[in-house]
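S.K.: Keeping their order, the protein sequence lines are chains A and B.
The first sequence runs 1 to 181 under the working numbering.
The second sequence runs 1 to 124 under the working numbering.
Check the hints yourself; a few may be wrong.
[What the hints assert, rightly or not] DEER-style ranges, computed between Cβ atoms: (1) A/144 <-> B/45: 33 to 39 Å; (2) A/156 <-> B/45: 33 to 39 Å; (3) A/19 <-> B/27: 31 to 37 Å; (4) A/15 <-> B/17: 48 to 54 Å.
[Stated by the list, open to error] Some residues of chain A that are not near chain B, with every Cβ distance over 12 Å (derived): (5) 14; (6) 23; (7) 64; (8) 65; (9) 66; (10) 118; (11) 120; (12) 132.
Please keep in mind that the hints were generated in silico from the structure rather than gathered at the bench.
Backbone N, C-alpha and C fix where the C-beta goes; we use that ideal spot for every residue, glycine too.
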Amino acid sequence: MGDSGDDPALVAQTLAGDRAAFGVLAERYAAQARRVARAVLGDPDDADDAAQDGFLSALVKLAQYDSRRPFGPWLMRIVANAATDRRRRRNVRRAEPLDPALVGGGPRPDAVAVRNELGERLRAALAELPERRRTAVVLFDVEGYSHAEIAGILGIPEGTVRSEVFHGRRRLRALLEDWKE
Amino acid sequence: MKNPELFDHRPDPQLGDALRAALEPENHAAFVARVMANYERALEQATVPTWEVLASWFRPGVAVAVALIAGFVFGQAMLTPAPADPASFEAAMAPAEGPGLAALVTADDPPDASVVFTSLVEPR
């Protein structure tokens, strides 16, 4: 999750009006916020809008941030909520209906497009998962948050996070195994 | 790749890398620039001069104040009883005919008790 040890100091500087400090935070967490929002929304443009909403919302609530706690989960909770709100407001522009050939069983792509094709299949497989499940998997395996932190981000019990990660992984791993064969 | 049927509390780097590549956003610099532009805009909006804020409140504030004052005055008028008729008030305060209470007080001899009671009980 990068060098986040000085996050509380950057937050304090931002609250004092230091624009550069906020710039460092934005730079540090932009990619993560976009990935998390994309895990929720699927569509990359919607995800970017949601991540923007999340950053601005965090800015408004910055004085409420408890500097004794890590900044990343606090911010990701706001971003995830912003993404969920956006999906509800726009009456869900869910991911395109899945092409069965993408999720599995389709023709083997040529070697040139292997990586893009794998990404496409993973995104399609992610979109098949329930929103909470795919967000939990991304927060755990991509962003490296603990089950307890994800429980805080998603507002669900830690045991539920473990279950969601387990079931989400099982589906995605099966896809990867299939891909490797 | 780990066994998908086993529960594992540790992150799976292989799955994580594949997912990261699949979700990796593009144009990082453009996105951060957009965040900062929104931040600057929010700061500008947060530093709008106070008098402008007060001015924006002025018209609706005056309208509400006028409505409240009018309502208060109307309410007071409805609740206050009408004043008594001045003529009947004066009649009520007029001294009774006869020697009256003053005569009783200034008399050399003590008045008869029946006279005192009569002066108090009789209607004027």
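S.K.: All hints are to be evaluated individually against the structure, with a verdict given for each.
M.R.: Against the structure, the hints:
1. A/144 <-> B/45: 33 to 39 Å: This hint holds: roughly 36 Å between Cβ atoms.
2. A/156 <-> B/45: 33 to 39 Å: Holds - the Cβ-Cβ distance for residue 156 of chain A and residue 45 of chain B, about 35 Å, lies within 33 to 39 Å.
3. A/19 <-> B/27: 31 to 37 Å: violated, 22 Å
4. A/15 <-> B/17: 48 to 54 Å: With Cβ atoms ~36 Å apart, the hint is violated.
5. 14: Violated: least Cβ distance 9 Å, not greater than 12 Å.
6. 23: violated, 6 Å
7. 64: holds, 16 Å
8. 65: holds, 16 Å
9. 66: Correct as stated: the minimum Cβ-Cβ distance to chain B is 22 Å, above 12 Å.
10. 118: Given a closest Cβ separation of 7 Å, the condition is violated.
11. 120: Its Cβ does come within 12 Å of chain B, the nearest being 8 Å, so this is violated.
12. 132: Nearest chain B Cβ is 16 Å from residue 132 of chain A, so the label holds.
This entry does not satisfy hints 3, 4, 5, 6, 10 and 11, going by the numbered hints stated previously.
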